Amino acid sequence: MTASQETVFLQGHIIDSLILAKVLDTIVMMGGTFDLQDVTIGATRDAPSQARIVVRAHSSRLLAEILQAIQPHGAAVERDTDCQFVPAPATGIFPDQFYATTHLPTQIRLDGDWVEVEGMEMDLGICVDPAKARARTLPMGAVKAGELIVTGREGIRVTPLARPAERDVFGFMESVVSSERPHQPVIADIAQRMLKLRAGYRQGHPGTKVLLAGGPAIVHAGGREALTWLIEAGFIQVLFCGNALAAHDMEAALYGTSLGYGLTAGRSVPHGHEHHLRTINRIRAIGSIHEAVRSGVIAEGIMAACVRHDVSMVMAGTIRDDGPLPGVVTDSMQAQQAMRAEVQGVGLALLVASTLHAIATGNLLPAAVPTVCVDVNPSVPTKLADRGSFQAVGLVMDAASFLKELARELGWRL
Amino acid sequence: MSRLLVCPPEYFQIDYEINPWMRRENAVVPSRAVSQWQTLMHVLEEDVGAGVERMPPVPGLPDLVFTANAGVVAGRRAVISRFRYPERRREEVYFAQWFREHGYEVLMLEESLYFEGAGDLLGFPDTWFGGYRQRSDIRSFPKLSEIFQREIIPLELIDGRFYHLDTCFCPLSGGELLYFPAAFDAYGLTAIAQRIPDEQRLGVPEEEAIRFACNAVCIGKHIVIPAGCPRTIQLLESRGYQTHSVELGEFMKSGGAAKCLTLALD
Chain A
1 MTASQETVFL
11 QGHIIDSLIL
21 AKVLDTIVMM
31 GGTFDLQDVT
41 IGATRDAPSQ
51 ARIVVRAHSS
61 RLLAEILQAI
71 QPHGAAVERD
81 TDCQFVPAPA
91 TGIFPDQFYA
101 TTHLPTQIRL
111 DGDWVEVEGM
121 EMDLGICVDP
131 AKARARTLPM
141 GAVKAGELIV
151 TGREGIRVTP
161 LARPAERDVF
171 GFMESVVSSE
181 RPHQPVIADI
191 AQRMLKLRAG
201 YRQGHPGTKV
211 LLAGGPAIVH
221 AGGREALTWL
231 IEAGFIQVLF
241 CGNALAAHDM
251 EAALYGTSLG
261 YGLTAGRSVP
271 HGHEHHLRTI
281 NRIRAIGSIH
291 EAVRSGVIAE
301 GIMAACVRHD
311 VSMVMAGTIR
321 DDGPLPGVVT
331 DSMQAQQAMR
341 AEVQGVGLAL
351 LVASTLHAIA
361 TGNLLPAAVP
371 TVCVDVNPSV
381 PTKLADRGSF
391 QAVGLVMDAA
401 SFLKELAREL
411 GWRL
Chain B
1 MSRLLVCPPE
11 YFQIDYEINP
21 WMRRENAVVP
31 SRAVSQWQTL
41 MHVLEEDVGA
51 GVERMPPVPG
61 LPDLVFTANA
71 GVVAGRRAVI
81 SRFRYPERRR
91 EEVYFAQWFR
101 EHGYEVLMLE
111 ESLYFEGAGD
121 LLGFPDTWFG
131 GYRQRSDIRS
141 FPKLSEIFQR
151 EIIPLELIDG
161 RFYHLDTCFC
171 PLSGGELLYF
181 PAAFDAYGLT
191 AIAQRIPDEQ
201 RLGVPEEEAI
211 RFACNAVCIG
221 KHIVIPAGCP
231 RTIQLLESRG
241 YQTHSVELGE
251 FMKSGGAAKC
261 LTLALD
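If you read the sequences in order, they're chains A and B. Sequential numbering from 1 applies to the first sequence in the working numbering. Sequential numbering from 1 applies to the second sequence in the working numbering.
Please note that the accuracy of each hint is not assured.
A partial selection of chain A residues facing chain B, derived with a Cβ cut-off under 10 angstroms [stated by the list, open to error]:
id: 1; residue: Gly74
id: 2; residue: Ala76
id: 3; residue: Gly204
Coverage of chain A stretches by chain B, computed from C-beta distances (three or more under 8 angstroms per stretch; other residues unrestricted) [what the hints assert, rightly or not]:
id: 4; stretch: 6-13
id: 5; stretch: 17-31
id: 6; stretch: 38-48
Because the hints were derived from the structure by calculation, they are not lab data. Just so you know, these numbers come straight off a predicted model, no measurement behind them. Think of the CB as a built atom: it goes at the ideal place given N, C-alpha and C, for glycine as much as any other residue.
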């Protein structure tokens with residue numbers, strides 16, 4: 001829910017006179033909240049200070065009361081203007097000065113009214129339909145010539161996330177990445193969330209899907225059984241991966257190896273390096289992963305569990321792929337589009353052991369979706385946060401340990 | 001020599017009610033008003049040694065006598081008041097005219113930015129204080145601060161009886177402050193305490209605050225104070241000030257006393 005809000009401006013000798021303190025106290029005492037923005041403290045005693053304050057209240061009526069109470073102390077409402085928009089000059093090209101989105105809830109002002117932008121995602125443009133008073137996000141590549149695109153910064157407001165009611169690891173909304181952070185409490189919190197989400201999903205509640213974006217390390221590090229169990233137990237509804245995770249998983253199903261290494265014995269098998277190619281070739285011959293599972297060729301593992309439990313899968317290709325497997329989307333923009341469609345309704349995202357898929361998924365997720373990034377390399381969660389997904393909780397640990405601990409927490413008994 | 005702007009009370013009366021003190025049935029006795037005002041002038045000129053500039057009174061503008069509300073002056077620059085009540089707005093042109101004729105650079109704030117002159121803007125050499133909420137608009141102070149290059153600490157006036165800052169706040173030449181604490185809220189009192197140390201703050205009792213004890217004129221070590229404030233006088237004399245008590249009951253009917261009847265020109 002986006003609360004009612006208004007931005008006010010306060011200036012003068014507002015610090016020493018405690019006028020700023022009085023205004024902020026008044027807001028809070030009346031039941032509102034505030035965000036201090038652009039506070040400039042006068043450099044000398046003579047120089048004035050100024051503050052821009054975003055005032056929020058749970059209703060427009062309370063907001064009006066608060067604004068009325070702080071107005072005599074000089075807190076003047078900043079005059080809002082409508083947002084600006086111009087037609088896209090050509091298909092696939094935004095107008096100059098287009099507004100680039102964040103992944104936070106955003107509203108634009110159209111003809112005096114604040115309109116919620118639909119489909120929030122970072123690094124997109126905003127396409128406006130003034131006749132219907134609606135606005136939605138749009139990737140650069142998807143814009144058609146003449147579509148009205150928001151430009152500049154006026155008449156746009158971005159709402160920071162309210163602290164969630166749950167007092168778990170996600171409540172802090174900070175991506176502190178440390179290899180020394182104890183894992184167990186974080187995993188326990190994730191498990192709690194997943195139990196709640198599964199219950200909600202089974203009752204048909206929106207926003208209850210769990211997404212896992214993963215790399216092939218899940219398989220060769222030994223997390224395959226745990227992930228398979230999580231899928232079979234109904235904890236995961238969407239899987240994003242590349243050619244490799246699927247190929248290694250099915251190689252394990254067919255040959256008991258991952259990239260030629262025996263998963264149980266841990267040593268290389270003669271001609272094992274060919275196993276993944278033979279796997280890919282076999283599935284290509286069958287025509288699809290679904291068919292391979294349905295016909296019993298792939299009897300167990302992650303892919304089998306996904307097919308049997310109706311998990312939505314998007315496999316995105318890369319330039320180093322062998323094959324690829326049938327179903328791998330090799331056009332990156334098409335893959336992005338497919339992933340964008342699948343993040344709708346996701347209530348938790350687990351990004352495990354894949355830099356590429358973690359960042360691509362992070363880019364698509366609204367800030368309100370709790371996100372966990374697990375990697376042995378601390379640079380991956382750091383990179384994710386640097387690219388704007390500040391809500392992601394970083395866990396520096398290997399994929400298999402994470403998935404096993406998570407599954408155990410949820411009742412997996414090997 | 002300190003110079004003060006004053007205006008004789010020839011047309012002074014209560015024509016309207018714009019503060020809790022004014023009641024039309026409590027009519028001013030003109031002869032008494034004139035005699036009280038003349039006594040005040042005598043004290044200021046003869047006893048205190050101030051120079052007094054008299055501006056001509058105007059029929060139909062009874063409150064022109066309260067020159068403290070003409071504006072605020074620093075150096076050769078005068079910012080003329082913007083009165084909150086239309087009854088007093090007609091005074092603005094006469095004050096502006098006087099300053100213009102006397103060689104001042106005359107400035108005015110934008111319309112609707114209420115500011116009632118030295119009635120709401122008082123201070124010490126480096127810090128000024130601005131009273132707001134009752135009459136002046138707090139948003140006038142950043143503009144005045146820019147014009148005069150002075151820090152202006154806004155103070156909310158929370159008691160309608162003390163509708164101008166100069167009715168409850170009087171900076172003294174020695175750095176002390178004569179004030180009525182209950183006219184301010186906790187924020188204002190904290191802001192005052194941050195600028196004026198405890199031993200320099202002289203609080204007046206309520207019974208004398210309502211006798212306009214704080215509406216005093218301080219020139220050097222002289223303080224001209226309305227009659228009926230013995231405890232305040234005692235307090236001031238203990239700090240080495242020479243007090244001059246003047247009966248100003250006719251003007252109090254309108255909500256003003258010694259300070260309201262004068263405007264410091266330098």
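So, going through the hints one by one against the coordinates:
1. Gly74: holds (4 angstroms)
2. Ala76: Since the shortest Cβ distance to chain B is 7 angstroms, the answer is holds.
3. Gly204: Where the cut-off is 10 angstroms and the nearest Cβ of chain B is about 53 angstroms from Gly204(A), the hint is violated.
4. 6-13: holds (count 3)
5. 17-31: holds (count 5)
6. 38-48: Since 3 is at least three, the answer is holds.
Checked against the numbered hints given earlier, the structure breaks only hint 3 and satisfies all the rest.
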